[in-house]
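Position chain B relative to chain A; hints supplied.
Which chain is which? The protein sequence lines are A and B, in order.
Here my numbering is used: the first residue of the first sequence is 1, the next is one more, and so on.
Here my numbering is used: the first residue of the second sequence is 1, the next is one more, and so on.
Quick caveat, the hints were computed from the structure, so don't treat them as lab data.
All figures in this text were calculated on a predicted structure; none of them were measured in a lab.
Each residue gets a CB set at the ideal place from its N, CA and C atoms; glycine is no exception.
Some hints could be false.
Simulated crosslink set (DSSO-like; lysine-lysine; CA at most 30 Å straight-line) [claimed, not checked]:
(1) B:Lys20 to B:Lys66
(2) A:Lys96 to B:Lys64
(3) B:Lys20 to A:Lys59
(4) A:Lys57 to B:Lys64
(5) A:Lys108 to B:Lys41
(6) A:Lys96 to B:Lys55
(7) B:Lys20 to A:Lys96
Negatives, chain A to chain B, calculated, CB over 10 Å [claimed, not checked]:
(8) Gln33
(9) Gly52
(10) Gly66
Each chain, letter by letter, is given below.
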Amino acid sequence: TQLLEQSPQFLSIQEGENLTVYCNSSSVFSSLQWYRQEPGEGPVLLVTVVTGGEVKKLKRLTFQFGDARKDSSLHITAAQPGDTGLYLCAGDQGGKLIFGQGTELSVKP
Amino acid sequence: GAVVSQHPSRVICKSGTSVKIECRSLDFQATTMFWYRQFPKQSLMLMATSNEGSKATYEQGVEKDKFLINHASLTLSTLTVTSAHPEDSSFYICSASQTGRGGYTFGSGTRLTVV
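Just chain A, with the same shape it has in the complex (with noise of 0.2 Å):
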């Protein structure tokens, strides 16, 4: 059973649409953070929350932190080719961090 269930796992949209990952869990987490990844490098620290209710935003990219801190969301606007790239979300639970399945993200021009 996966710990943090991502979806979708695959995505594929035109430059300009919108976009929405989600990630969830039934477990309660003291923090979550979100990666980017690139084809063969370790993933990239994109934002971490950790208050219920939190949202934060880092250019066109908005996250958010469930009031329950059991999910989280990350949402793109007017998606580019340069956001491609595998998108982690993973959760702090006692003292490791753990991965959700991640979204393989294509944007094409």
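Chain B alone, transformed into the frame defined by chain A:
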């Protein structure tokens, strides 16, 4: 900012041989380091948690005798894949948690190919 160096970035080895991967925290002390494995088009799966000066804690299903982890200092952890087989071919990534500050910094990964 915190930097984790992972070496080598790519390695090809023959079946039956062993391969050592190093993970170093360059500008901070890391009491805890983590080792992940990632297969193509999949997410990172935690293999083990490595604590400085003590035995590593392995996740369920990970063979501790096959994947030897040593965390001899606050800046270095090593993962040795022993008697490698083609099915061990994968992308291995380490991360380090900064002592007293939390957060996780990832290495750039090691692509292991066993032929």
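Consistency of the hints with the structure:
In summary, the hint linking Lys20 of chain B to Lys66 of chain B is supported, as the alpha carbons are separated by about 12 Å, within the 30 Å threshold. As the CA atoms of Lys96 of chain A and Lys64 of chain B are separated by approximately 18 Å, the hinted pair is consistent with the 30 Å bound. Annotation: proposed proximity of Lys20 of chain B to Lys59 of chain A is violated, straight-line Cα distance about 40 Å (limit 30 Å). Of the pairs offered as hints, the one joining Lys57 of chain A and Lys64 of chain B is violated, with about 41 Å between alpha carbons and a cut-off of 30 Å exceeded.
A C-alpha spacing of about 19 Å is found between Lys108 of chain A and Lys41 of chain B, which places the hinted pair at or below 30 Å, so the restraint holds. With a C-alpha separation of about 16 Å, the suggested pairing of Lys96 of chain A with Lys55 of chain B holds against the 30 Å cut-off. Taking the CA atoms of Lys20 of chain B and Lys96 of chain A, the gap is about 23 Å. The hint holds against a cut of 30 Å. A Cβ of chain B approaches the Cβ of Gln33 of chain A within 10 Å, the least distance being about 8 Å, so the stated non-interface status is violated.
With a least beta-carbon separation of about 18 Å from chain B, Gly52 of chain A lies farther than 10 Å from that chain, consistent with its non-interface assignment. Gly66 of chain A, annotated as away from the interface, keeps every beta carbon of chain B farther than 10 Å; the closest lies near 20 Å.
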